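*Asks:* Using the hints, position chain D against chain C.
Top to bottom, those sequences are chains C and D. When we follow this note's numbering, the leftmost residue of the first sequence carries the number 1, and every step to the right adds one. When we follow this note's numbering, the leftmost residue of the second sequence carries the number 1001, and every step to the right adds one.
Any given hint might turn out to be false.
[Unchecked claim] Quick list of in silico lysine-lysine cross-link-like pairs, BS3-like style, CA-CA up to 27 angstroms:
hint, chain 1, residue 1, chain 2, residue 2
1, D, Lys1059, D, Lys1010
2, D, Lys1059, C, Lys52
3, D, Lys1059, C, Lys12
4, D, Lys1093, D, Lys1059
5, C, Lys129, C, Lys142
6, C, Lys129, D, Lys1093
[As the list claims (entries may be wrong)] Non-contacting residues of chain C with respect to chain D, defined by C-beta distances greater than 12 angstroms in every case (computed):
hint, residue
7, Pro4
8, Glu20
9, Glu28
10, Glu46
11, Gln113
12, Ala120
13, Thr123
14, Ile143
15, Val153
16, Val157
17, Gly165
18, Trp171
Since the hints were derived computationally from the structure, they do not count as laboratory data. Here the structure is a predicted model, which is why all the values come from computation and not from measurement. Positions of the beta carbon are idealized from the N, C-alpha and C atoms, including for glycine.
Here are the chains, one letter per residue:
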Amino acid sequence: MDNPRFPLEEFKSLLPDRFESQERLLSEYHSFLMLLEQLDRVPVPELSARQKAEIFRQSWQGWPQGWSWAWARLGLLRRPAVTFAMGIVLGCSLMFTVARSRAAVPQPPSPSQPLAVERAGYTQIYTGKVVDRLYPQIENPKIVVERPQESSVPQRVLYGTLDQGETYVVWNL
Amino acid sequence: MNGNDWISDKALIDAIQQGDRDAAACLYHRHIDRVHRICHRIVLDPSQTLDCVQEVWLKVFRSLGRFRCQRSFAAWLNAVAANTAIDHYRRWKRHGSRVDLDDPEVESLTTDERADGLQLDDRVVRQRIQEALEEISVSQRTAFVLRYYEEMPLPQIAEILGCREGTVRTHIRRCLLALRARLMAKLNQ
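Same shape as in the complex, but just chain C (with noise of 0.2 angstroms):
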């Protein structure tokens, strides 16, 4: 009565509400059943060996055979758990370097900065025009606040040069 290939119940959900009674259900469900009993009366041609052959042939053309190593190699690469990793290991990377130039380069002040602070640690060393006019009669004036620790007073110091650089100035403020 019910076929495995196409049961009763996938039948009445594929048109639901479209029956009024079970009869009307019923003799539509066999009318559909002999419509897939027509359609079995079409085969299909089988495939002869040598069609068979001839397909495998001209497709394996088509394998990389160079590539292959590279092939495995990639098709490692895709798995997800080791591109993960991959980025992961790669940002941190990436970062350790872009941390590591910024710590390493001291950003020289720009002429026309009123006042350009650089921290390295503890230490705060000011210049700019405003240092500059503080101290106008030194050359290439510097404040340098220094601290030992966090917790420890600061000691500030004034750098510069005297005589268009003969004099080296260092003056405890």
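*Replies:* Quick look at chain D alone, frame taken from chain C:
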């Protein structure tokens, strides 16, 4: 029963990725009949089916290096076969081709030698069915073929066709109704 049946698809794929031609042949012979069946029922024209099947295997061998074994190879292959057949059919139709079952060459591929009236009737019925199938849209026909000939579950068909399960149901419903209406009209001609 083939002597290599105990080797899993995954093991064969690993060997193919190292360039093993025998493993490729083994995998091919294991699945060729199903691929051919799917292509034939979607494309409908025997003169186009061979090209379509070859296109499927070309894609398979080119993509195997990137195939991830977490997924079933058979399911992936079904998807490649169905989608390649749909594309092949659409491309072929765009070029204005159609199945000509009166063509003696095609006829020889689709029917047996007719020896008596019974076989002639059978040939006419097959021809009418073929025509009715051809009048159904390729998406509807594919959903129907995968469900009733390949007996795939609806979620898998939805994944293959890249649509929702509800759309697959609609495709199948429309296909069944259209086939019945067209077939009844054609068989009563």
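*Asks:* Are the hints correct? Go through all of them and say.
*Replies:* Results of checking the hints against the structure:
1. A threshold of 27 angstroms between alpha carbons decides the hint, and for Lys1059(D) with Lys1010(D) the separation of about 18 angstroms falls inside it, so the pair holds.
2. A hinted pair counts as satisfied when its Cα atoms are at most 27 angstroms apart, and Lys1059(D) with Lys52(C) qualifies at roughly 16 angstroms.
3. Restraint check for Lys1059(D) and Lys12(C): not satisfied, since their Cα atoms lie roughly 39 angstroms apart, outside the 27 angstroms limit.
4. About 21 angstroms separates the Cα atoms of Lys1093(D) and Lys1059(D), which keeps this hinted pair within 27 angstroms; it holds.
5. Under the criterion of a C-alpha separation no larger than 27 angstroms, the hint pairing Lys129(C) with Lys142(C) is consistent with the structure, at around 10 angstroms.
6. In summary, the hint linking Lys129(C) to Lys1093(D) is not supported, as the alpha carbons are separated by about 79 angstroms, beyond the 27 angstroms threshold.
7. For Pro4(C), the shortest C-beta to C-beta distance to chain D comes to about 9 angstroms, within the 12 angstroms cut-off, and the non-interface label is violated.
8. Look at Glu20(C): its CB is around 17 angstroms from the nearest CB on chain D, clear of 12 angstroms, so calling it non-interface holds up.
9. The claim that Glu28(C) is not at the interface with chain D is violated, since a C-beta of that chain comes within 12 angstroms of its own (minimum 9 angstroms).
10. Not every beta carbon of chain D lies more than 12 angstroms from that of Glu46(C), the smallest distance being close to 8 angstroms; the non-interface claim is violated.
11. Chain D leaves Gln113(C) outside its interface by the beta-carbon criterion, the shortest separation being 54 angstroms against a cut-off of 12 angstroms.
12. For Ala120(C), the non-interface assignment is confirmed: its Cβ lies about 50 angstroms from the closest Cβ of chain D, beyond the 12 angstroms cut-off.
13. The beta carbon of Thr123(C) sits about 54 angstroms from the closest Cβ of chain D, which is more than 12 angstroms, so the claim that it is off the interface holds.
14. For Ile143(C), the condition that its CB be more than 12 angstroms from all CB atoms of chain D holds, with the nearest at approximately 62 angstroms.
15. Every C-beta of chain D lies more than 12 angstroms from that of Val153(C), the closest at about 64 angstroms, which supports listing it as non-interface.
16. No Cβ of chain D approaches the Cβ of Val157(C) within 12 angstroms, the least distance being about 64 angstroms, so the stated non-interface status holds.
17. Distance check for Gly165(C) against chain D: the nearest CB is about 66 angstroms away, which clears 12 angstroms, and the non-interface claim stands.
18. For Trp171(C), the non-interface assignment is confirmed: its Cβ lies about 70 angstroms from the closest Cβ of chain D, beyond the 12 angstroms cut-off.
Consistency note: the structure conflicts with the earlier hints numbered 3, 6, 7, 9, 10.
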